[in-house]
Amino acid sequence: MEEKEIKNNDEFLQELIKTYLPHKDNLIQMLNEVQEHYGYIPMHAQKCLSEYLDIPMAEIYGVVTFYSRFSLEPQGKYKISVCLGTACFVKGSQKIMDRLTERLKIKPGETTKDGMFTIEETRCVGACGLAPVFTVNGEVYGKASVQKLDQVLDELMKK
Amino acid sequence: MKTLEEIHNIRENKRRELDLRINTKADTREKHILVCHGTGCTSSKSPQILENFRKILEEKNIENVRVIMTGCFGLCAKGPIVIIRPEDTFYSNVRPEDCEEIIQTHIVEGKRVERLLCKDIDGKIVNSLDELNFYKKQKRIALKNCGVINPQDIEEYIAFDGYRALERVLREMTQDEVIDEIKKSGLRGRGGAGFPTGKKWELTKSYEADQKYVVCNADEGDPGAFMDRSILEGDPHSVLEAMEIAGFAIGANKGYIYVRAEYPIAVKRLKVAIKQAREYGFLGKNIFNTGFDFDVEIRLGAGAFVCGEETALLESIEGKRGQPRIKPPYPAESGLWGKPTLINNVETFANITQIILKGADWFSTIGTENSKGTKVFALGGNVNNIGLVEVPMGTTLREIVYDIGGGIPNGRDFKAAQTGGPSGGCIPKEHLDTPIDYESLKEIGSMMGSGGLIIMDDTKCMVSLAKFYLQFTVSESCGKCTPCRIGTKRMLEILERLCDGEADEYDVYKLEKLAVSIKKSSICGLGQSAPNPVISTLKYFRDEFREHAIQKECRALECKAVSKIEIDEEKCKACGLCQKRCPVSAIEGEGREKRKINQDKCIKCGTCIATCPFHAIGN
Numbered sequence: 735m736e737e738k739e740i741k742n743n744d745e746f747l748q749e750l751i752k753t754y755l756p757h758k759d760n761l762i763q764m765l766n767e768v769q770e771h772y773g774y775i776p777m778h779a780q781k782c783l784s785e786y787l788d789i790p791m792a793e794i795y796g797v798v799t800f801y802s803r804f805s806l807e808p809q810g811k812y813k814i815s816v817c818l819g820t821a822c823f824v825k826g827s828q829k830i831m832d833r834l835t836e837r838l839k840i841k842p843g844e845t846t847k848d849g850m851f852t853i854e855e856t857r858c859v860g861a862c863g864l865a866p867v868f869t870v871n872g873e874v875y876g877k878a879s880v881q882k883l884d885q886v887l888d889e890l891m892k893k
Numbered sequence: 355m356k357t358l359e360e361i362h363n364i365r366e367n368k369r370r371e372l373d374l375r376i377n378t379k380a381d382t383r384e385k386h387i388l389v390c391h392g393t394g395c396t397s398s399k400s401p402q403i404l405e406n407f408r409k410i411l412e413e414k415n416i417e418n419v420r421v422i423m424t425g426c427f428g429l430c431a432k433g434p435i436v437i438i439r440p441e442d443t444f445y446s447n448v449r450p451e452d453c454e455e456i457i458q459t460h461i462v463e464g465k466r467v468e469r470l471l472c473k474d475i476d477g478k479i480v481n482s483l484d485e486l487n488f489y490k491k492q493k494r495i496a497l498k499n500c501g502v503i504n505p506q507d508i509e510e511y512i513a514f515d516g517y518r519a520l521e522r523v524l525r526e527m528t529q530d531e532v533i534d535e536i537k538k539s540g541l542r543g544r545g546g547a548g549f550p551t552g553k554k555w556e557l558t559k560s561y562e563a564d565q566k567y568v569v570c571n572a573d574e575g576d577p578g579a580f581m582d583r584s585i586l587e588g589d590p591h592s593v594l595e596a597m598e599i600a601g602f603a604i605g606a607n608k609g610y611i612y613v614r615a616e617y618p619i620a621v622k623r624l625k626v627a628i629k630q631a632r633e634y635g636f637l638g639k640n641i642f643n644t645g646f647d648f649d650v651e652i653r654l655g656a657g658a659f660v661c662g663e664e665t666a667l668l669e670s671i672e673g674k675r676g677q678p679r680i681k682p683p684y685p686a687e688s689g690l691w692g693k694p695t696l697i698n699n700v701e702t703f704a705n706i707t708q709i710i711l712k713g714a715d716w717f718s719t720i721g722t723e724n725s726k727g728t729k730v731f732a733l734g735g736n737v738n739n740i741g742l743v744e745v746p747m748g749t750t751l752r753e754i755v756y757d758i759g760g761g762i763p764n765g766r767d768f769k770a771a772q773t774g775g776p777s778g779g780c781i782p783k784e785h786l787d788t789p790i791d792y793e794s795l796k797e798i799g800s801m802m803g804s805g806g807l808i809i810m811d812d813t814k815c816m817v818s819l820a821k822f823y824l825q826f827t828v829s830e831s832c833g834k835c836t837p838c839r840i841g842t843k844r845m846l847e848i849l850e851r852l853c854d855g856e857a858d859e860y861d862v863y864k865l866e867k868l869a870v871s872i873k874k875s876s877i878c879g880l881g882q883s884a885p886n887p888v889i890s891t892l893k894y895f896r897d898e899f900r901e902h903a904i905q906k907e908c909r910a911l912e913c914k915a916v917s918k919i920e921i922d923e924e925k926c927k928a929c930g931l932c933q934k935r936c937p938v939s940a941i942e943g944e945g946r947e948k949r950k951i952n953q954d955k956c957i958k959c960g961t962c963i964a965t966c967p968f969h970a971i972g973n
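Line order of the protein sequences matches chains A and B. Position one of the first sequence corresponds to residue 735 (our numbering), numbered consecutively onward. Position one of the second sequence corresponds to residue 355 (our numbering), numbered consecutively onward.
Calculated directly from the structure, the hints in this document are not laboratory data. Heads up, the beta-carbon is just placed ideally off N, CA and C, and yes, glycines get one too. Take the hints with a grain of salt, since some may be wrong.
Label pairs and their calculated CB-CB ranges [to be verified]: (1) B:P618 to A:G849: 23 to 29 Å; (2) B:Q402 to A:K811: 22 to 28 Å; (3) A:R837 to B:V626: 39 to 45 Å; (4) B:D564 to A:A792: 28 to 34 Å; (5) A:I751 to B:G833: 27 to 33 Å; (6) B:E850 to A:K781: 39 to 45 Å; (7) A:R837 to B:W716: 56 to 62 Å; (8) B:Q458 to A:G849: 47 to 53 Å; (9) A:G849 to B:K893: 44 to 50 Å; (10) B:R896 to A:I751: 54 to 60 Å.
Some chain A residues near chain B, calculated using beta-carbon distances under 10 Å [unchecked claim]: (11) Y801; (12) A861; (13) C862; (14) A865; (15) V874.
All chains, full assembly: derive it from the sequences and hints.
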């Protein structure tokens with residue numbers, strides 16, 4: 735299993751290198767693609783970019799940890815993001831976040847031990863008309879409430 | 355690559371074909387079903403609605419009806435929105451399973467689906483868009499094409515005067531003429547600070563260099579704001595065209611659009627728009643055969659609020675940590691890779707083509723003396739008509755909240771409006787009649803900001819709101835300068851103590867002092883404006899801070915540690931309803947006894963307040 739994964743990863747990185755010129759300013763663009771593909775920025779990808787773009791590892795680490803979109807840890811199977819933008823906050827999204835941390839017993843930014851759930855605070859997904867909202871792997875659940883969250887969680891846990 | 359003649363032909367033919375989009379009396383047998391594909395409506399399944407319409411039309415073999423995706427109509431609260439033209443019938447809250455009925459009743463039988471017609475706040479059924487109070491006081495310049503054209507079809511953009519401004523600029527005007535026109539229009543930066551756009555262009559032109567850049571700031575980080583996103587989603591070409599005009603004026607041939615990766619739909623539509631513009635010869639070499647070259651690249655942000663600050667944004671485009679640079683030199687002199695760079699916000703660019711086509715004189719008749727044109731706001735929070743509004747400068751907050759926004763839901767009272775997000779301030783009730791423009795907002799301690807406008811009702815605690823914004827700035831501070839990195843953290847700690855009932859009066863004094871020194875000593879806009887939410891809430895709601903500090907009370911019952919919910923004995927009718935609903939059985943009393951809350955058990959969830967039919971429960 736692991737061997738196959740590494741091989742696939744390599745293919746992805748090979749492909750990535752082909753699409754971008756080795757210019758230093760492409761770093762963030764490439765990291766965005768790595769994040770999208772793996773769900774996090776693995777060490778071997780950092781090494782690969784460091785060599786290809788001729789940027790020291792320390793600098794890459796600096797960039798990865800600066801931007802909130804990048805993560806150094808693998809993400810859970812279900813990534814639940816609660817919008818804490820002002821429009822959602824005013825409509826009570828903090829209560830939904832509180833409930834989520836209470837039920838999954840992890841803090842925002844963390845992943846459950848079984849690798850099932852990651853929770854995240856996000857600032858405005860742009861669906862302010864549906865406030866408060868939370869998303870599960872990008873799918874938006876609008877006009878949310880604690881009850882609705884419980885329902886969704888129960889269903890995901892059954893799967 | 356199309357010749358000039360081909361483009362003129364496309365414009366003429368398409369314009370005739372699309373007349374029904376803006377003319378209810380259009381002479382045509384065709385019908386267009388417009389389905390909103392802004393992020394709000396997309397989240398509530400509008401792509402599925404579009405798909406269903408197409409399938410049903412095909413199954414029923416109906417001709418002369420086209421289904422089209424458009425950008426945001428603005429009234430997000432009623433989404434997903436479907437509009438049928440030319441008759442301009444406005445269907446709201448449409449679900450995918452409603453498509454069959456709409457086609458059968460509206461298209462086949464020629465009647466309207468009464469139950470899906472949009473209702474105004476007063477309950478009146480609205481026959482068409484223009485009848486809605488929401489639209490009556492609006493004036494659309496930057497959002498002109500949003501909800502009218504298909505953003506992924508360049509020919510529809512061309513039909514509505516698209517790329518005509520660029521043609522005029524390149525073929526008939528000099529660089530200085532373009533800059534003069536923009537200067538004369540009085541347009542100011544829509545990103546928040548309000549720097550005169552024409553002056554910025556002139557400044558960037560004045561520096562000699564072998565390479566210059568035009569950058570579009572689409573890193574809309576203010577939580578609760580979605581103006582720029584809606585423009586990019588609904589009318590991406592207007593931004594591209596304006597960037598080219600700016601490029602011509604300052605002498606640049608390369609542009610970058612820095613857009614948040616959190617806006618996947620906007621990014622996708624931009625990519626399509628750039629590709630089409632290249633195919634038609636609007637981007638690339640020798641545009642309109644005038645020898646002018648220009649090309650645009652997209653750069654994705656990666657979730658850092660500070661990158662909305664222009665110099666941090668430049669660092670990020672260069673692939674580095676987005677930490678602001680010390681100014682001066684300003685980007686106009688030394689920007690991207692040390693070259694003169696013009697940075698404007700999406701909405702600023704969206705105004706440019708209209709100024710070129712209709713003239714600076716026309717533009718400067720709209721708005722107030724020092725703030726010309728319109729401003730787009732993302733209206734949100736405790737207001738009935740949540741959505742995107744574009745109003746002439748000088749419109750009062752009251753008009754926006756009550757006439758356009760339809761007032762506050764659930765019969766509550768207006769408490770404050772927040773503009774400018776984490777950098778702005780709040781506007782209390784007594785300033786509801788302030789005309790909205792750059793100067794008057796600054797005078798009352800808020801700012802125009804990029805356009806987030808959050809309305810709060812009387813159930814919101816202003817201390818907790820200030821805490822919310824400080825949490826945001828603390829997590830988004832880039833860490834480069836000490837006042838912002840450490841100072842905002844200390845401010846947040848004081849606010850947390852206030853909300854937890856552990857602060858005293860001296861803390862409020864310290865909070866204020868810290869706010870002033872952070873404002874004075876931070877190096878970039880983020881730090882300099884981070885204390886604003888605290889300063890302005892202190893200015894208008896000092897009583898609430900004092901109540902938290904001295905009486906340990908939160909009148910809005912939001913800060914749990916300092917809230918106390920009680921039952922008014924006189925009003926209590928002993929119905930026992932609150933007792934049934936209380937999740938922790940904190941309400942005591944039996945039979946005809948007046949109920950009492952056991953404060954040790956109460957978790958201040960507020961369920962009883964909402965439940966009581968006699969409004970006997972409160973603080």
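Tell me, in ascending order, the numbers of any earlier hints that this structure violates. none
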